[in-house]
Amino acid sequence: MNQRVELPTANQPSSTRLALSVALAGLISGIAIIGIYEATLPTITANKARQLREAVFKVLPGVSRMQQLGFVDGSLKPVDVPIEDLTLYGGYDNGGRFIGYAIPSDGPGFQDTIALLYGWLPREGRIVGMEILDSRETPGLGDKIYKDAVFVANFSALIPDPDIVTVKKGTRSAPNEVDAITGATISSKAVVRIINEGQARWRGKLPAPGQEPSLPDPAESPEAGPGSG
Amino acid sequence: MDMDKNLDTYQEFVKGIWRDNPVFVQVLGMCPMLAVTNSAVNALVMGGATLFVLMGSSFLVAALKQWIPKQVRISLYIIIIATFVTVADYSLLAMLPGVHKELGAFIPLIVANCMILGRQEAFASRHGIRFAVMDAAGMSLGFVLALFSLGSIREILGNGSLFNIPLFGETFEPWVIMILPPGGFITLGLILLFFNWVAARKKAFLEQVAQAERESL
Amino acid sequence: MWSMNPIRLLKGSFRHGVHPEGHKEQTADLPIQRVPFGSRYVMPLGQHIGAPAKPVVNVGQRLHRGQLIAEPGAFVSTCLHSPVTGRVVSIGPQRHIDGTFTRAIEIEADPFATQQLAPSPGLDWRSLDMVEFIDQVQQAGIVGMGGAAFPAHVKYSIPEGQQIAELLVNGAECEPYLTNDHRLMMERPGALLQGVGILLEKLGAKRATIGVEANKQEAIDILNDHLGPDQPIRVISLPVKYPQGAEKMLIKAVYGKEVPAGQLPRDIGVAVNNVGTVVAIADWFESRMPLIERVVTVSGPGAAYPANLIVPLGTPVREVLRFCGGLRPETREVVMGGPMMGSPIASLDVPVMKGTSGILAFTDSETARPREYPCIRCGRCLEACPYFLNPSRLARLARARMFTEMKAYRVTDCVECGSCTFACPSGIPIVQLIRAAKDNLAHEPRDQGAE
Amino acid sequence: MNELVWIFVSALLINNFVLAYFLGLCPFLGVSGRLETSFRLGLATTFVLIVTALCAWFLNTYILIHAPYLRLICFIVVIASTVQFIEMAIKKLSPALFKALGIFLPLITTNCAILGLAIFATNRGYNLVEGLIFALGAGAGFTLAMVLMAGLREETELSDVPALMQGTALNLIIAGILSMAFMGFAGLFSST
Amino acid sequence: MSRKDPDLLIQTTPVLRQGLTTPHAMRDVWLSLLPLVLAATWFFGIGALLLLSATIAGALMTEWVFTPEPRRRDVIRDQSGLLTGLLLGLTLPPGLPLWMAFLGGAAAIGLGKIIWGGLGNNLFNPALVGRAFLLGTFPIAMTTWSPAGGPGQLFEIQGSLFALPFQSPVYDAVSSATPLGLMKFEQQSTGLMRLMIGNTGGSLGETSGFLVLLGGLFLLLRRDFDWRIPAAIFASAALFSGLLHLVDPARYPGPLFTLFSGSLLFGAIYMATDPVTSPLSPRGAWIFGIGIGLLVVLIRNFGGLPEGVMYAILLMNAATPLIDRYTQPRVFGRKAGPG
Ligand SMILES: Cc1cc2nc3c(=O)[nH]c(=O)nc-3n(C[C@H](O)[C@@H](O)[C@H](O)COP(=O)(O)O)c2cc1C
Ligand SMILES: Cc1cc2nc3c(=O)[nH]c(=O)nc-3n(C[C@H](O)[C@H](O)[C@H](O)COP(=O)(O)O)c2cc1C
Ligand SMILES: Cc1cc2nc3c(=O)[nH]c(=O)nc-3n(C[C@H](O)[C@H](O)[C@H](O)COP(=O)(O)O)c2cc1C
Ligand SMILES: Cc1cc2nc3c(=O)[nH]c(=O)nc-3n(C[C@H](O)[C@H](O)[C@H](O)CO)c2cc1C
Ligand code: SF4
Ligand code: SF4
Ligand code: SF4
Ligand code: SF4
Ligand code: FES
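Residue numbers (my numbering), protein chains in the order written: chain A, 3 to 231; chain B, 13 to 229; chain C, 14 to 464; chain D, 448 to 639; chain E, 2 to 340.
Hints may be right or wrong, so weigh each one.
Computed cross-link-like contacts, BS3-like style, restricted to lysine-lysine with a CA-CA straight-line distance of at most 25 Å [claimed, not checked]:
(1) C:K270 with E:K336
(2) B:K113 with A:K50
(3) C:K451 with E:K336
(4) B:K113 with A:K60
(5) C:K219 with E:K336
(6) B:K215 with B:K27
Because the hints were derived from the structure by calculation, they are not lab data.
With the rest of the complex left out, here is chain A (with noise of 0.2 Å):
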């Protein structure tokens, strides 16, 4: 149906003609593109931040405000850019005191990576909360660990000494033990093993209580950049 009549070759443009009209289309493209970004960034770093903030406040109660801190050089500093693996957030009372950390961890779940936020109260050695940021656990199962009230409620007086353990539902009798969810003991497990983890990875690199970084500027809303991506 669509017979194609070859031009004649002295018609053919030239490769600069080629490569020009390539170059042309990349330049307006990036215009295009660069204008979205433009006009969608405010939008979504206010979002980023707003979803990252409510993570925080929810699992350090009694927080309201909050700075990323990274581990830098040996020790603990505010820092714009998330620092590899090394990344927390400090959490703050209206009055600018330090309250606790937000600590986000991950590792793998039952299906896909799981990643998650704890908060964690140096001074009194204690987990206050869990939120989950990211999985895919099997619908009706897995997802409990953040549908599921009850479970979610075991994070948020744990004292991991030394580590916190999951154990049979219902068995729950020391103060490091988490009630597994049944049907999806291998989630439950997860979940602890991922905040053992990270209290394994911060152990030894926070800041002896009271020595914690301070808020820069108490007057001024603190603002933590999301990683780009």
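For chain A, the structure is supplied; the task is to place chains B, C, D and E with the ligands on it using the hints.
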């Protein structure tokens, strides 16, 4: 273009929806389709993004076809498509962050959707703007229709809901597998089976009619 | 030269194969009887493998028993002799076993003749050189009597540079029902050993082995009794298994050696002959009797009185059956040869030929085919196939008409022994499908050539 | 170390690109008719995936931190041209290898498994080694799925598949059953 | 002769057939399963019979509806659909709602057999396709094990069986953990004797190792299956679990527990041996079995699920065409096999 003379706008529009449905009939663009159709909302958003990209790039390609050198046309199509995809990606991220999180990596993958590139090569680059856009609209609607039917079947059975509205009450036992990857493959396989069956029935019926006519002569 | 693999010695047989019920007891104890001469004999010109013989007699010509009636049409062809004293009635088309027509010499027996062969002192075979010996075998019209009817003199024409070290006499008789070789070994051990002696010397083989399946123990005993103390001949008892008689399987069973695909036994220094063939050799050289009669087993549930018979070649099957009481009314199928590889016959008018080892009559209970089910890939056919082919795959490919692919699965190596069909629980006619596919393949190159 | 094992096993079995992420379905459904071809396509894909992981790491580390919005275009352009370049190099250096694998390269470069790998590796913040292991696992998993599928499909050619089921419909159901079977690997090595 | 010749049949040889037919083999298999059915009824009450009827009904009805008319009688006659339903039923937990069991039977035949072209054409074990479908669809119901009772409860039927279609079941009794679950999640071993007799939690058919072995012996004597497959599975499962046990006895159970717990015996004897979906050649059968044993040990000890027999068999089913292709026997008189 002169070949446009024997085209009919309406025909170009509807063919993509049923007769040449890109998914059910041509079996194109499967990957994004199966990956995100575990709920009706995801399916619609993905379909919408695809519609935007396909219509936009078809329009541009048809409009610019005189200036597009044949030798580098594929690269240029891809640049055009990628631009639209990036636009869609950032807009969704800004407007629907929740859905964007679930669709995850699959929005950028629209670039690789062979259906879109295929339409540029096979249609938009050879026809006028009006038909190119009609064709793109039909194809994308067909695509949306396919995504939506798959997504809603999977959501209804797999979660007992449609658009997150529970349909069957508390005690409904969800068919978890429908939301999991095997459910995607199997449901689409069964839908294709159904399409084949309808086609076979139609053919048999037409043959019967022809037979009857021949006999009555 | 023959290093015996100890494991093979223990097993003493080839691998795979099947175990159909023997049914030999019906005739194993029945001595060979002679069928009286009848009136009409039909000698097809092509009853051996190779070119048909060329008639050397005319219609109306009088013949005496044993007279040459047709000479070889080529090197791979052999002589025919008149089975009776009588007169040529016609030379023309006659019924063949597969229902088609074939050129044959029809002879009317002289009702008053004595039908005796002239007594003869035999031939001084020791003085013959190899060329003369081979010519003599062709003169005698001897073909392989194990079923294939391959002219014996061709088998003995060993190409330059090859050496026959071992003579293997095939007394396996693995086909059910048949006992003709069994009786022959029991009743004519002297002739058999005589023939073995002739072949040993003429072929230059160092040793002869007579392979007999263990269900013919009396034959083994009798042969052993007749063996002289230092004769290079041994009798080996083999476990009962089909198709032990297929020559490559027998070689594997006896020597533990595989004849490479596409090659002949003589390529590894072995000559294989059926016991009937060897006895025919002895008869020719000792008493100048050409191949004009053979031992035939009549058996099967449809045969009124099973028997082992000496039948002049050319005797219509009808006459043979009449001699032993005819067929039972419930007979549904008559097979010439064994039940596994023989050919069903369409008419009782076909004659007994050089390769006819048995006439078997079957009733409904054997011929009712099992209902066919889809192949369930149970692998029984694989474990049956002595050639280690994949009959299941071959049958599926044949059904899909993917004949060329079948070549990759070595369909050409199949000897059509039927073990696979026998073993298949789904009743799939595997060997039949294979035969049809081979036919197709055989015609394929010609078609392509014509294009 | 443990992490690397998990990245590999996850990409190979648990979250197989084809059977769990639905990436690379076109070759999986389109080219898996013959075992031989499938295997070679799998190898070629693995190769391109590894190149992709390298490119993605390079772009992420040196370019995209400055211009994240160019991610998609950069990935496409850089991966496609690198593969094109390697294709030419192979053609020159080893015509045999080119004949075996090279013919598949143009087919692969724009496919979503390749782009998907780059995007996943970026989203998960893999470093170079992790990215390479991820690519290796994904490629091996893709090859495994392709080869199993091809074996199954060659067999169905000899079966009496009902006319309505033939073609993509049956292939999708086979993929679904394979995907169900691969669910057995869920949680593998994650508890250790 | 006055008598007319009989009308002779011309049927090519071989005339003789070995006696066994495909329906015979199928009948043998379900006969050998009857003791297991009785034991299941003894341990779990007559609800077990209802459950088995539901899977069989699902299987047979699907087969009947989707088979075109001329072959309908044949597919019922060959008894393989019955067997699929029965085998599927025996792999289910005793308290599974009947509607789910029926759906499982339908999925087994529909997805596992009909769409492939019926008996002999399917490449995955239909019963296990059905079970995998059910496990993926209703993971909770499929892993809720009611405890084994005794003759006292023979006529008590669990309420969960009668859950309405599409509705979640409500269980009467507390569920019990299976020996494998106890091992995996609580590091608790179950005695060998109990595993043999069968009064443990688990699927209907798998609890009594002794009866499964007895059925296997019957099939072995009748030569209805390829003995190499179970032999290879037992050997490889024992070997690999033994090696792991040597490394860390507290963590990895030994060979005996591995063999007698869960569905290994049942799967090896009844499901891996499905002729249609296992390799043709003897060498292939060994490889197939060894692969299953290896995968079972892998999934049980390192995977997320307590049991992996079903997945192991399905995965090796998927590999069967490849195994068949590369284990063609060496053709007689040749250096290599075909292909
Ligand atoms: C042949 C057969 C295969 C099975 N395969 C699996 C399997 O792969 N996965 C599974 O979770 N259960 C499977 N089951 C059921 C389990 O064996 C179950 O009964 C077992 O005891 C697991 O219990 P648990 O997972 O609750 O510990 C199978 C049962 C049979 C009879
Ligand atoms: C389809 C399917 C999905 C599953 N999803 C999960 C899951 O997301 N998380 C999990 O921990 N276990 C999951 N499981 C594993 C089983 O439920 C497993 O038997 C369970 O973890 C055992 O825990 P229990 O001893 O508490 O019953 C899944 C099993 C199946 C069959
Ligand atoms: C499947 C099969 C079975 C055979 N069985 C016998 C047999 O039992 N006895 C026999 O003498 N020849 C049998 N033959 C023929 C032998 O292979 C071989 O041709 C014969 O022994 C050679 O001797 P001859 O030329 O003297 O007949 C069989 C051949 C085939 C293919
Ligand atoms: C020894 C033996 C084992 C069998 N095992 C199964 C089985 O596990 N599952 C099944 O659905 N059918 C089984 N069948 C029946 C039949 O082979 C099966 O339904 C086919 O796969 C259907 O094509 C078995 C048959 C035999 C003879
Ligand atoms: S007939 Fe051919 S395929 Fe069948 S068993 Fe004999 S040799 Fe093998
Ligand atoms: S014996 Fe028959 S059913 Fe068994 S594999 Fe061979 S052909 Fe198939
Ligand atoms: S080309 Fe890529 S996106 Fe398109 S269907 Fe194939 S794998 Fe999916
Ligand atoms: S052209 Fe490529 S993307 Fe499109 S269908 Fe074919 S393989 Fe898939
Ligand atoms: S003896 Fe075996 S067929 Fe002749």
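Is the hinted pair K451 (chain C) and K336 (chain E) satisfied, with a Cα-Cα distance of at most 25 Å? Holds, at about 23 Å.
Pair hint K215 (chain B) and K27 (chain B), alpha-carbon separation not exceeding 25 Å: Holds - the C-alpha atoms of K27 (chain B) and K215 (chain B) are around 18 Å apart, at most 25 Å.
Holds or violated: K219 (chain C) to K336 (chain E), with C-alpha atoms at most 25 Å apart: violated, 29 Å
Just to be careful, I want the Cα atoms of K113 (chain B) and K60 (chain A) compared with a cutoff of 25 Å; is the pair within it? holds, 20 Å
For the pair supplied as a hint, K270 (chain C) and K336 (chain E), confirm whether the alpha-carbon distance does not exceed 25 Å. Measuring from Cα to Cα gives roughly 13 Å; hence the hint holds.
Holds or violated: K113 (chain B) to K50 (chain A), with C-alpha atoms at most 25 Å apart: Distance of about 11 Å is within 25 Å: holds.
Comparing the model with each numbered hint stated earlier shows that hint 5 is the single one that does not hold.
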